[in-house]
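Colleague: Here the protein sequences line up with chains A and B, keeping their order. Its first residue numbered 1104, the first sequence is counted upward by one per residue in our numbering. Its first residue numbered 1104, the second sequence is counted upward by one per residue in our numbering.
Hints are supplied without guarantee of correctness; some may be wrong.
Note that identical chains are pooled: a pair holds if it fits in a single copy or bridges any two copies.
[Unchecked claim] Straight line, CA to CA, 25 Å or less: simulated DSS-like cross-link-like pairs of lysine-lysine:
(1) K1207 to K1121
(2) K1136 to K1207
(3) K1221 to K1160
(4) K1292 to K1248
(5) K1292 to K1220
(6) K1160 to K1220
(7) K1160 to K1120
(8) K1187 to K1207
(9) K1136 to K1187
(10) K1160 to K1136
These aren't lab readings, by the way, just hints derived from the structure by calculation.
2 protein chains.
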Amino acid sequence: MRYILASNSPRRRELLKKVIPEFEIIPAVGEEKTGSSSPAEIVEELSFQKASEIFHKILTDTDDNFVVIGADTVVSYNHRVLGKPVDETHAHQMLRMLSGQTHKVYTGVTIFIMADKKSEHFTFSECTDVYVSELSEGEIADYIKSGECMDKAGAYGIQGEFSRFITGIDGDYFNVVGLPVSRLYRELKARDII
Amino acid sequence: MRYILASNSPRRRELLKKVIPEFEIIPAVGEEKTGSSSPAEIVEELSFQKASEIFHKILTDTDDNFVVIGADTVVSYNHRVLGKPVDETHAHQMLRMLSGQTHKVYTGVTIFIMADKKSEHFTFSECTDVYVSELSEGEIADYIKSGECMDKAGAYGIQGEFSRFITGIDGDYFNVVGLPVSRLYRELKARDII
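Just chain A, with the same shape it has in the complex:
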């Protein structure tokens, strides 16, 4: 089977390898839009748009079987949904908001499948609670200087230097990094796609 990841994120690429050893990368380029305000709905909708774009692009080129995987991640705290920061001031605001609090990370995944000229798709999302210790202004400033925060929802990466500020999580760790590895494995396995 031909597998395609519709994302350019190096983190998602590493995580998908834990489930599917070999796949292609064709990042979605369209601007995703959502009218939803619930974080689970937002990530499900955006993952659908990414996977759908690449699925329909490939469909015009081939009669073979293939699977497209799209994913999207947001941070949710106190009824606010945080995507990637637009600049360092924005990153600073986000990190100050998350300091000493518990927030939720949602990743939505959509799978499009073309098998024997029949297509189908399904979507799911996972939520993980994340506990952040109290951050001093100096710690926030140092972390922003590290350059890790700019391309990440909520302005932090759990797998990098920010790990020293994560006192614990409840749920799938890899869901916070950007792909719910265990759920994805079970969903694909249940449908005999891997």
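Fit chain B to the known structure of chain A by using the hints.
Modeller: Structure of chain B alone, referenced to chain A:
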């Protein structure tokens, strides 16, 4: 300050970098022994023995200030403590035991400090709950074939291929990998060691 990690584990080395950018590695070689049966006591005792061995070895060579960090990890399930498997059959037994269940991972850490000719040490441990999905005999056999399990407590590595079977955790993810990064950062920071 001179920092020394008393462990040869490549995973602990990677994790310690998240807290201390530069340190030496001098692995403890003595055989650790414990008379304890509580997992928290076991990992605290064994981490103490590792750090103590290296602390006293360095003490004979230097009058400088230095810090030694020792750590030990075990898996605990249903009143049994699991270390590293002795062979593949043992690994198979361990994984079959953990299948479809929640187990606990304990990591103990001991820090020895020599500062201005005064020495002190302290020890702590962290516990993380880990949820494992139902594993088929085929999944266990394939995982053992991957070669990942032999040098790891409980016969699995959460960060590798086994991640597809971890449906979630409650606590610090890095504690399961082998070092409670956030707790270690806070304990060192509180004592002005970093």
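Colleague: Hints first: check each against the structure and report whether it holds.
Modeller: A quick look at each hint next to the structure:
| no. | hint | result |
| --- | --- | --- |
| 1 | K1207 to K1121 | both (24 Å within a copy, 23 Å between copies) |
| 2 | K1136 to K1207 | within (21 Å within a copy, 42 Å between copies) |
| 3 | K1221 to K1160 | within (16 Å within a copy, 68 Å between copies) |
| 4 | K1292 to K1248 | between (42 Å within a copy, 20 Å between copies) |
| 5 | K1292 to K1220 | within (21 Å within a copy, 60 Å between copies) |
| 6 | K1160 to K1220 | within (16 Å within a copy, 69 Å between copies) |
| 7 | K1160 to K1120 | within (23 Å within a copy, 43 Å between copies) |
| 8 | K1187 to K1207 | within (15 Å within a copy, 34 Å between copies) |
| 9 | K1136 to K1187 | within (15 Å within a copy, 49 Å between copies) |
| 10 | K1160 to K1136 | within (19 Å within a copy, 62 Å between copies) |
Hint compliance for this structure: every hint is met.
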